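Asks: Sequence:
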Amino acid sequence: MLDRNSKIYIAGHHGLVGSAIWKNLEARGYHNLVGRSHDELDLTDQYQVQKLFDEEQPDAVILAAAFVGGIMANSLYRADFIMQNMKMQCNVLSNAHSHGVKKLLFLGSTCIYPKNAPQPMREDALLTSELELYQRGICHCKDSRFEDV
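So the sequence shown is numbered by numbering that gives the first Met the number 0: it starts at 0 and just counts up by one.
Worth flagging that the hints you see were computed from the coordinates, not collected in a lab. Please read all numbers here as calculations on a predicted model, not as lab measurements. Using N, Cα and C, we set each Cβ at its ideal position, and we do this for glycine too. A hint or two may mislead.
Simulated restraints on C-beta separations [as the list claims (entries may be wrong)]:
#1 38 to 118: 30 to 40 Å
#2 122 to 49: 16 to 26 Å
#3 113 to 50: 32 to 42 Å
#4 115 to 3: 41 to 51 Å
#5 125 to 82: 38 to 48 Å
No more than 20 Å apart at the CA atoms, straight line, and that leaves these computed lysine to aspartate or glutamate pairs for EDC-like [stated by the list, open to error]:
#6 102 to 54
#7 102 to 25
#8 101 to 2
#9 102 to 53
#10 6 to 25
#11 101 to 54
#12 102 to 58
#13 86 to 25
#14 86 to 53
#15 22 to 58
#16 102 to 38
#17 6 to 79
#18 6 to 53
#19 86 to 44
#20 101 to 123
#21 101 to 58
#22 86 to 41
#23 50 to 38
#24 50 to 2
#25 22 to 2
#26 101 to 53
#27 86 to 122
#28 101 to 55
#29 50 to 39
#30 102 to 2
#31 22 to 54
From just these sequences and the hints, can you work out the full model?
Replies: If you want it as structure tokens, here you go:
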């Protein structure tokens with residue numbers, strides 16, 4: 000458990016999940032929260048991400064940001080989704096490591112589960128059978144996160 004004075008950087012704090020995490024942390028007494036909009040910080044730019052970490056020195060990082068789209072966009076721009084998300088993940092992970100971040104949380108997605116996974120989904124169903132074709136690119140990007148560093 001982090002001290003309530005810990006500085007927590009929430010990437011994607013304006014999104015659906017990130018904003019809910021922000022509100023939940025505030026309600027639980029965490030007020031040293033850091034967030035940047037996409038206009039303020041491009042997570043695919045390693046120099047901008049390094050500058051944020053240099054300036055803020057967060058104790059913890061929550062990566063709720065992602066390059067997302069609907070079924071059509073996921074189908075048409077699969078390579079773009081993979082590249083943009085991998086850049087974000089690599090930039091945040093490498094800076095969290097080099098800056099000595101104590102806690103790092105990457106958020107997954109239901110897309111990393113098979114299309115016919117039993118409900119409710121359980122962790123042991125992860126990548127056990129065929130994935131939705133239109134989500135394969137983002138899925139493999141998300142499942143690359145599952146490694147202890």
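Asks: Taking the hints in turn, state whether each one holds.
Replies: We went through each hint and held it up to the structure:
1. Judged by the Cβ atoms, the range 30 to 40 Å given for residue 38 and residue 118 holds: they are separated by roughly 38 Å.
2. Separation of residue 122 from residue 49 is about 33 Å and departs from the stated range, judged on CB atoms against 16 to 26 Å.
3. About 40 Å separates the C-beta atoms of residue 113 and residue 50, a value consistent with the hinted range of 32 to 42 Å.
4. Between residue 115 and residue 3 the CB atoms are about 42 Å apart, so this pair conforms to the stated range of 41 to 51 Å.
5. Between residue 125 and residue 82 the C-beta distance comes to about 23 Å, which lies outside the given range of 38 to 48 Å.
6. In summary, the hint linking residue 102 to residue 54 is supported, as the alpha carbons are separated by about 18 Å, within the 20 Å threshold.
7. For the given pair, residue 102 sits about 18 Å from residue 25 by alpha-carbon distance, which is consistent with the 20 Å threshold.
8. Our distance criterion of 20 Å between C-alpha atoms is met by residue 101 and residue 2, whose separation comes to about 11 Å.
9. A C-alpha spacing of about 17 Å is found between residue 102 and residue 53, which places the hinted pair at or below 20 Å, so the restraint holds.
10. Between the alpha carbons of residue 6 and residue 25 the distance comes to roughly 12 Å, so the proposed pair stays at or under 20 Å and holds.
11. For the hint linking residue 101 to residue 54, the alpha-carbon distance of about 17 Å falls within 20 Å, and the restraint holds.
12. Simply put, residue 102 and residue 58 have alpha-carbon atoms about 7 Å apart, close enough for the 20 Å limit, and the pair holds.
13. As the CA atoms of residue 86 and residue 25 are separated by approximately 29 Å, the hinted pair breaks the 20 Å bound.
14. Restraint check for residue 86 and residue 53: satisfied, since their Cα atoms lie roughly 19 Å apart, inside the 20 Å limit.
15. Proximity of residue 22 to residue 58 is assessed by CA-CA distance (about 18 Å); at most 20 Å being required, the pair is judged to hold.
16. A C-alpha spacing of about 26 Å is found between residue 102 and residue 38, which places the hinted pair above 20 Å, so the restraint is violated.
17. Between residue 6 and residue 79 the alpha-carbon distance is near 32 Å, which puts this suggested pair outside the 20 Å criterion.
18. Restraint check: the Cα-Cα separation between residue 6 and residue 53 comes to about 13 Å, which is no more than 20 Å; the hinted pair holds.
19. In summary, the hint linking residue 86 to residue 44 is supported, as the alpha carbons are separated by about 8 Å, within the 20 Å threshold.
20. A threshold of 20 Å between alpha carbons decides the hint, and for residue 101 with residue 123 the separation of about 27 Å lies outside it, so the pair is violated.
21. For the proposed pair residue 101 and residue 58, the alpha carbon gap of about 6 Å is at most 20 Å, so the pair holds.
22. The straight-line distance between the Cα atoms of residue 86 and residue 41 is roughly 10 Å, inside the 20 Å bound, and the hint therefore holds.
23. Simply put, residue 50 and residue 38 have alpha-carbon atoms about 15 Å apart, close enough for the 20 Å limit, and the pair holds.
24. As the CA atoms of residue 50 and residue 2 are separated by approximately 24 Å, the hinted pair breaks the 20 Å bound.
25. Distance check on the hinted pair: residue 22 and residue 2 sit about 17 Å apart at the alpha-carbon level, within 20 Å; holds.
26. At most 20 Å may separate the alpha-carbon atoms for a hinted pair to count; residue 101 and residue 53 meet this at roughly 15 Å.
27. Proposed proximity of residue 86 and residue 122 is contradicted: the alpha carbons are some 26 Å apart, above 20 Å.
28. With a C-alpha separation of about 14 Å, the suggested pairing of residue 101 with residue 55 holds against the 20 Å cut-off.
29. A C-alpha spacing of about 12 Å is found between residue 50 and residue 39, which places the hinted pair at or below 20 Å, so the restraint holds.
30. Straight-line distance between C-alpha atoms of residue 102 and residue 2 comes to about 12 Å, which keeps the hinted pair within the 20 Å bound.
31. Using a Cα cut-off of 20 Å, the hinted pair residue 22 and residue 54 is violated, with the two alpha carbons roughly 23 Å apart.
Consistency note: the structure conflicts with the earlier hints numbered 2, 5, 13, 16, 17, 20, 24, 27, 31.
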